[in-house]
Amino acid sequence: MPLVLTEEQSMLRDSARGLISDKAPVAHLRQLRDSRDADGFSRALWKTFAEMGFAGLLVPEKFGGSGLGNVEAGVLMEEIGRTLMPSPFFATAVLGTSALLRGGNATQQSAYLPKIADGSLLAALAVDEHAKHRPLQVSLQAVRSGNGFRLIGTKTFVVDGHIADLLIVAARSAGSAGERNGLTLFLVDPKSKGIAIERTAMVDSHNAARITFDNVEVTADSVLGEIDQGADLLEGVLNIGRGAVASEMIGLSEEVFGRTVTYLKERKQFGKLIGEFQALQHRAAQLYIDIEITRAAVLKALQALDQDAGKAGAAVAVAKARAGTTATLAVQEGVQMHGGMGMTDQFDIGFFMKRARVCQELFGDSNYHADQLARGRGY
Amino acid sequence: MPLVLTEEQSMLRDSARGLISDKAPVAHLRQLRDSRDADGFSRALWKTFAEMGFAGLLVPEKFGGSGLGNVEAGVLMEEIGRTLMPSPFFATAVLGTSALLRGGNATQQSAYLPKIADGSLLAALAVDEHAKHRPLQVSLQAVRSGNGFRLIGTKTFVVDGHIADLLIVAARSAGSAGERNGLTLFLVDPKSKGIAIERTAMVDSHNAARITFDNVEVTADSVLGEIDQGADLLEGVLNIGRGAVASEMIGLSEEVFGRTVTYLKERKQFGKLIGEFQALQHRAAQLYIDIEITRAAVLKALQALDQDAGKAGAAVAVAKARAGTTATLAVQEGVQMHGGMGMTDQFDIGFFMKRARVCQELFGDSNYHADQLARGRGY
Amino acid sequence: MPDLDQFRRETRAWLEANCPPEMRKPVMRDEDVFWGGRNTTFVSEAQKVWFERMRDKGWTVPDWPKQYGGGGLDGAEAKVLREEMAAIGARPPLSSFGIWMLGPALLKYGTDAQKAEHLPKITAGLIRWCQGYSEPNAGSDLASLQTRAESDGDDFIINGQKIWTSYANYADWIFCLVRTDPTAKKHDGISFILFDMTSKGVSTKPILLISGKSPFCETFFDNVRVPKSHVVGTVNRGWDVAKYLLQHERAMISGLGDRSVGRPLGQIAADSVGSDAQGRLDDAMLRGQIAAFEVDEAALACAAERAIDLAKAGQGHPAFSSAMKYYGTELNKRRYEILMSAGGADALEWESERSKQGARPRAWLRTKANSIEGGTSEVMLGIVAKRILDLPGA
Amino acid sequence: MPDLDQFRRETRAWLEANCPPEMRKPVMRDEDVFWGGRNTTFVSEAQKVWFERMRDKGWTVPDWPKQYGGGGLDGAEAKVLREEMAAIGARPPLSSFGIWMLGPALLKYGTDAQKAEHLPKITAGLIRWCQGYSEPNAGSDLASLQTRAESDGDDFIINGQKIWTSYANYADWIFCLVRTDPTAKKHDGISFILFDMTSKGVSTKPILLISGKSPFCETFFDNVRVPKSHVVGTVNRGWDVAKYLLQHERAMISGLGDRSVGRPLGQIAADSVGSDAQGRLDDAMLRGQIAAFEVDEAALACAAERAIDLAKAGQGHPAFSSAMKYYGTELNKRRYEILMSAGGADALEWESERSKQGARPRAWLRTKANSIEGGTSEVMLGIVAKRILDLPGA
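Chains as they are written, first to last, in this note's numbering: chain A, 1 to 379; chain B, 380 to 758; chain C, 759 to 1152; chain D, 1153 to 1546.
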């Protein structure tokens, strides 16, 4: 498959870019932050997303969705990355949909997927429990209780956790932290008794929550996929999420880079445009090359996910690792080349730096994914 | 103690520089290489070194030496690094002397130290057995045999191994590879039965050998230090050696850098001196800063060795790690900035690149010493 | 050096007896730093006691002359005092741009009257100073500044705008670069002048940074009247003073990393990442990055020590502070990138009590200014290329 | 694409049937590369058979027109052939600067007569070419070249010196940049001309490199007479041809890393460094460096694939080959630094049988030229800054 967008994908990009740059420029995030918005995103805009078929982008047509794939989701994420738009797209349209599609039975799929597609249901995936992303370290307990389970433990860094209508929770039903066997995913109503959700204000002003499960009762029907055998399902969903985050970082990197190059062509010091200074030219060229190479790796990963998500692990690791280092470099150079102005809250560039940090951490940072690649290659 | 050379040390530097730049410029190494010299160094020059008190620099005055310290040895090594002079100074005057001083009994010291000081005895320290430097991994066996031992095994990367009159061999008399306990150092006559010495031609045209010990009989008198308790002695001698190699790398780095800056001021391309290009200016400035910082770390380590070699481990690790990365950067930038000419054998710059690679590897590379620092700091 | 040994023993004993235990803990919050000034208050009795005892000994600025309230120590003694303070973790009793920047410039360029007027108030923490250097269009290219001072009898009338004035909203006085001859060439025609921030026509506006804090201000001068006697050095030769002062600023900024003494980074990281069976950090990649960082950090500390010793020996290069400023600030940025990586998701929280109101990410974002303020990294490299390496056209 | 699937099946079957087992092993020695030319010999029967079979199929250059001995494959088919050859590890049957560089330039700028004369001899491996571009004072600044060609009736008389002429001592013909109008501006007045290396007045002198090998020569022209009909493109417009050809050269050099396919670097390292109980490389720092490298290497392979696809889709930027050349060569240098580190003391041996006559350190040293030859990394970054980013004054 050629490593370029098809005509349809390019059209999707253009329409998404039109909508997002119009309705949700960086000022949109700034406004939500400054007003301390309770939701942290715009419900009206999410409705528009649903109407345009974006909320159900990955949902099959029979459930009222657009039936598109990970490359198209990546196109959307990239545009989201350009303006840092806070949106349930990642947690609901990408993670929630993928989890249900890959692990859900017919009942579960028909109960939730149409609602995701029409924008009426928001989802959140709860995996991490510690500072660093280590999915096999899950130790939130799922204790058998009658026909169902009781969930006991705490999740952190749950994107959209405080606005979700449906929680997808990775729990340990057997084995111990670190083991592949014994993981189970559960569909949980966030209003269940025993659940306490604390929204955590994050450096990037995007949504995240810490959720405590105090003997939360769930039925056997709420199991997503196979009991104790959830590791593969979880890994598949995480890889899809990693591809999406990598796409967001590409959009973010390109936008920061574009703004920086523009600034290099405008700002004068020592009687010259600062873009005339060769040292900055070379650094800008290096960053451009870095972004282009990462873009190729990300597109490769998205195509691999569409082809066979089970075999896409290495391509995803490469993409997420590269996207993390590229975005970090892009925002560092962006702030430095903007000089003092780049340090002010009034300039948008700091928002990109903050978001890049969170994206780097989300579902494994560059170190994590380089390590995964090494393990996969047997060294 | 101020981190600057004393007046005496500066005078020592000046006299060493005078001698070495006069008698052993890079052309000296080139000539030895091209003539495939059997010794790989100049015995005449070593005699001069002895006459000037350099061979016995670390040897106490009562044994006919100069009674100086590691800072002074570093001064010499730095000058050696500037011209890449092949010399027994490192293996004999630094390693051999230090091993005898720190581990030798009165008989051993008076047998060997005067000969080292007068230039009539050359020594070599045999430690490594594998591709990477891992001193505790020593597994050359010292099997008890009557009152003495039999040595069985192979050593590699023995600097000056093929010209030495005295081998100092690290062997395992107890325990197994990796253990601290059970190491013993032996003084061995290279002409002993069962020893096979293969000179290995190295990338840097300096001396090294691979030595096989096939049931070599040694007496109990040949033990240097305590039986089984040689790890501390070995580590102390290695640290002194590391400080010396770091000094050589500083001299090498400064020399390459100096030659490169000179070239930047001479070579024209695009109608300008290439030193006018800002991108090269910034890289040159970064390299200058890197060298200066490393120089301070190396001097600190040498002073620490003189103060209390047993406590100098961390300072030495920092110095050797930094010297390795600095020299690597210096030779890489040197070749790149010299363009095609830097790639030719006719230009000296390649000799520096080759020697830097060997120094990086000698007694632990930058990775090894960063790892040591981390272990020492408990993480 | 028996005298120095005795000085060390006495100093150690005095510090032990006089430094309150609370003042031996690392500074964790902005309020823990005592800046002095007209409107200052102490946050604790311990802070007050420690400051007053050190002030009375002249040790707010140990190496300034005693006649100005300094300690009159020589370089070796001052080093001993620093070492002994570090040994017990004693906090600096007073932080002050008067000490770090203006003071050295006044000692070199000020008149006797200026020294007598200003230095004692600095050592005693009575007046808090700020620095009026950068302007919106004069950042890296500082010498293109436009704030003008027009002669009016014995006074100058100052109009213009400064930016990045540290804590201007808390400062009592400002040392300021102004253009006194608009017809002169760029670096000429600039003067270095002092005035009271309560002067009519001075106003400040804090700048909100990406860290969510406002340590800097925009500062506006609208017909501010200042006596000509407040010029330091020669009128129109203020650039000399400015350059001299910038070297001190750079030396100070390069030492930023030293402030956060305490546990090695690798041990801090172990708190969040955990350790493996051999006691090594349970993230081998991160461990490697930390170890490489600590090698460089240790080497930088050696270089800082050596820079002082070289200067004492008369072998220092005057532009070397630019080299140290470059390396120190880049290293400090790297330190905080590693801290953020080590902290993972926990280090992304911005407001919670748990995260001490996002102390770590805010500090991380603050470090991004290190390589901009006081001369950008690019300017520092240019200075090294030109003044030390003598590269053509640099 | 059912046709392409069929083509793949047929290709696989043909390769399986026709590629000798010896030709499916990685190239380990210089002699294993077959360069063709008048004086060439095959080092093995397998090499000969493989070359002849591929030549007869037109697959020494699969995507050139059949009339010139090429395979006439379209882009998609050529990609399939590459993939299927890679799948069995098949060696290239013929390596040639005629294929990589001159051919594309001739196809675009050559006359029908020139194509008919030269291309079939390239595809059939009959003539080995070398490139006369750089001169001692025209390295990065190639357009300042001074070798002159003076008109003499129907001929040019060529005088001057070239440097870095790859394998000039083995080459049959040269494609060469010469100055045909010394009065024109720098980039004008240059012509691109072809001539036989056995012409009277041509001499070569190998340059000994730091790797101890001599893949390059100095090449001297002393009144060499060349018919004017040997100019490719327009006289005095040779810079256009040169630039076009350089793009191909850069694209080729950027792919250098691909040649050393086979085991991941981490596994190679494990040979000398060993593995721990969990199967991880027993040098955590080195392992981290290798993993980071392999991430970048995998990403570069994606970018190379995408560059071809973008070009096919008409979306490629003509200067992008400079970006790839920069990154590919820097990465290849990094690869060999890691290989040297992994090899430790073993990789320092220069002559022994054990070390295959120092194969690794010699290859390592050779890579240092990657970022110089075909346009330095600095020149590549300048091209990106100017032509892609449109930065002022670049």
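Among the clues, some could well be false.
Said to hold, decoys possible - Below, a list of computed lysine-lysine pairs in the DSS-like style, where the Cα atoms sit at most 25 Å apart:
(1) Lys944(C) x Lys272(A)
(2) Lys1538(D) x Lys651(B)
(3) Lys1338(D) x Lys647(B)
(4) Lys1200(D) x Lys265(A)
(5) Lys651(B) x Lys268(A)
(6) Lys272(A) x Lys651(B)
(7) Lys265(A) x Lys944(C)
(8) Lys824(C) x Lys806(C)
(9) Lys1380(D) x Lys1464(D)
(10) Lys866(C) x Lys815(C)
(11) Lys647(B) x Lys272(A)
(12) Lys944(C) x Lys1144(C)
(13) Lys1337(D) x Lys1352(D)
(14) Lys651(B) x Lys1209(D)
(15) Lys272(A) x Lys866(C)
(16) Lys647(B) x Lys1209(D)
(17) Lys272(A) x Lys1144(C)
(18) Lys690(B) x Lys824(C)
(19) Lys866(C) x Lys651(B)
(20) Lys268(A) x Lys1001(C)
(21) Lys1260(D) x Lys1177(D)
(22) Lys1177(D) x Lys647(B)
(23) Lys1337(D) x Lys651(B)
(24) Lys1338(D) x Lys1209(D)
(25) Lys1144(C) x Lys647(B)
(26) Lys1218(D) x Lys268(A)
(27) Lys1538(D) x Lys647(B)
(28) Lys1337(D) x Lys1357(D)
(29) Lys651(B) x Lys1218(D)
(30) Lys1144(C) x Lys644(B)
(31) Lys1273(D) x Lys1260(D)
(32) Lys1273(D) x Lys272(A)
(33) Lys943(C) x Lys268(A)
(34) Lys268(A) x Lys1144(C)
(35) Lys1231(D) x Lys311(A)
(36) Lys1231(D) x Lys644(B)
(37) Lys272(A) x Lys824(C)
(38) Lys268(A) x Lys783(C)
Treat the hints as calculated values from the structure; they're not laboratory data.
> Which numbered hints turn out to be false for this structure?
Replying inline: Those not satisfied are hints 4, 9, 13, 14, 15, 16, 18, 19, 21, 22, 24, 26, 28, 29, 32, 36, 37, 38.
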